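Respectively, the protein sequence lines represent chains U and S.
Quick note on our numbering: the first sequence kicks off at 33 and runs consecutively.
Quick note on our numbering: the second sequence kicks off at 65 and runs consecutively.
None of these hints come from the bench; they were simulated from the model.
Only a predicted model underlies this, so the values are computations on that prediction, with no experimental measurement involved.
Check the hints yourself; a few may be wrong.
Unchecked claim - Per the computed footprint, the stretches of chain U lying under chain S, defined by three or more beta-carbons under 8 angstroms from a beta-carbon of chain S, are:
1) 51-60
2) 70-76
Said to hold, decoys possible - Okay, derived cross-link-like pairs now, SDA-like style, lysine to any residue, Cα gap no bigger than 20 angstroms in a straight line:
3) K65/U to V483/S
4) K214/S to N183/S
5) K89/U to W450/S
6) K89/U to F426/S
7) K89/U to D452/S
8) K89/U to K74/S
9) K89/U to T167/S
10) K65/U to L449/S
11) K89/U to T460/S
12) K89/U to G234/S
13) K74/S to E199/S
By construction, the Cβ of each residue, glycine as well, lies at the ideal position given by its N, Cα and C atoms.
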Amino acid sequence: MPMSQQQLDDLFESLVAFTDLPSVDAQNARLSKLVLLLIERVDDASEVRTAIEQAMKSESRELVLAIP
Amino acid sequence: MLKLPTYPFKRPAELHAPLEEPHAVIVVGGGLSGLTTALDLARRGVRVTVLDDDNTVGVRGLASRGMVWAQRTLDIFERLGVAQRIATKSVGWNVGRVLCRDTPVTSFALQEQPDMRHNGFANLQQYYVEQFLVEALQAEPLAEVRWLNKVTSVRQHPQYVELDVETPEGHYTTKARWVLACDGANSAVRSAVGPEPRVHDRTEDRWIIIDISVRNQQWPEERWTWLDASANAGRAVWRHKMADETWRLDFQMTPDEDAVAAATEPAMRRRVRDLLGDDVEFDIAWSGVWGYRHECLDHLRTDRVFFIGDAAHLVAPFGARGGNGGIQDADNLGWKLAMHLQGYAAEDLVLSYSDERKRAAFENIRQARRSSRFVFPAGHASTILWRDAIIALAPTHPIAARMINTGRLCMPARYEGSVLVLGDHALSGAALPNVVVRRASEREAAASMHQLLGPWFTALVMTDALPQRLPSHPLLRWVAVDQYCDDEGRAALSRQLDVNTTDGSIWLIRPDQHVMAAGDAISPDALVQHLVNALSHSKTESASHANVPTTA
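Make a model of the complete structure from these sequences and hints.
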């Protein structure tokens, strides 16, 4: 069932509160954990890879794996 | 160019002789909420006097001011007899577009609503709405509008309120059992009586409104929002069509911009041309610079004075919640005060106005704060983080596009938790959707749900004929709904209310068209008892400021 507008707006508030931290390092740490937990919920490597590509789409460089 | 109407000063009776009996109701402020409340009271049989310090409609001349009228407002205006004039003069719209980096990234179509009596929204300059309300009031024998009557002081007494009034022909003192302060954000009555609004936030964000009459262009009747227009130094712009080929443009100003310089004719013309192109021919109908703040009184009543509209609460205009909220205030208070003054209800009924409308104001403030922060994050790093990501992904990802918040448009208030509501039906406390139950035919006129309602309370029974024995109440009308429906209407009611018109359920509707109780678990006797209790109840609940999420 698609999320309602109100649910999306409430989620946005949660995200803003989630990353409302004084340091970028602390922000990154929280975001990393969030991504890992969402990966667990999605449970689909292909979907996650597609999302990574989409997130990087606006950047000119491609994802380079340090250890392929 | 359009000229506002002017209304003559007439010598009030109190300039000749002191008043013997207090007025029943004095409304201070002949603006949107004051005129609406006065019209409602007069049509409900209450003598009402409006005092206005001006002799025309509108705010600061031809300012479009509130100009998006929500479906709920149109329903209220229909009850008050002015909706047709507004519908005829206004511009309907159902499509809104949002542009990021000058590229359309999302649009929303307010659902075409053939099931409903009125369109989703109608755009019309506020001064037109006020003019129609004034003309409707002039036709009411119980209403008197006193132009150029400025209230200079207010004194509360146990049984009445005393007001000093200044006019072009001298001062007078008058009194009223109830005073309705509808005199706007800088309410003089509020200052005199004492309560200070609680400010939820006040930002440095400033906007310049430029209303333009366009001579040589036809654009679609859509709302366009540029979130970061390159033509406006990367800041937001709104474009709305109104009546008379006039367009409302709201330009967000840069933080260091000089307001006086921005409001000069050359600067405004350059701004408009930068956005719309050099070939647009236009006149500037009005302009003004504004900032916003969110505030609300702790109580919308102090003794014998009620606060309505901007005098009670202020919201940023994202979502058109100011004017529409004020009209819903009037809608909520009018019937309660009328019933109390006519001896049908205890004073407690009137007091429920403050609880119900304060909750509604909180919801409006909550929604407007979210929108205003999205549009103007004011350096808040976490908001900017997500806002930038949303804008980047919006052109290609619908979920991101839906998270762009340039204003969630005003919806009718729902009075959840009100002492007047019985049961937990999904629509309890909500405004009854004005579903069209019968299309016009050669034999019959069209009908909608609100047209089935009586002047006071109505029990809508989902049946084709009323049972023979039903409990009676002098203020209650029983209506068998199915007999007014055609097949399309029955289907529409099923879609919109999830109700079968022969399932026997009963819906108790208040005089302001809100649902008091609904469902098949409520017996007719219980329903009438609830009505009796509501008119004599002695409990009130208080919404707390602590209930307002801190979203700033």
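**Item:** Those earlier numbered hints the structure runs against, lowest number first
**Value:** 2, 3, 4, 6, 8, 12
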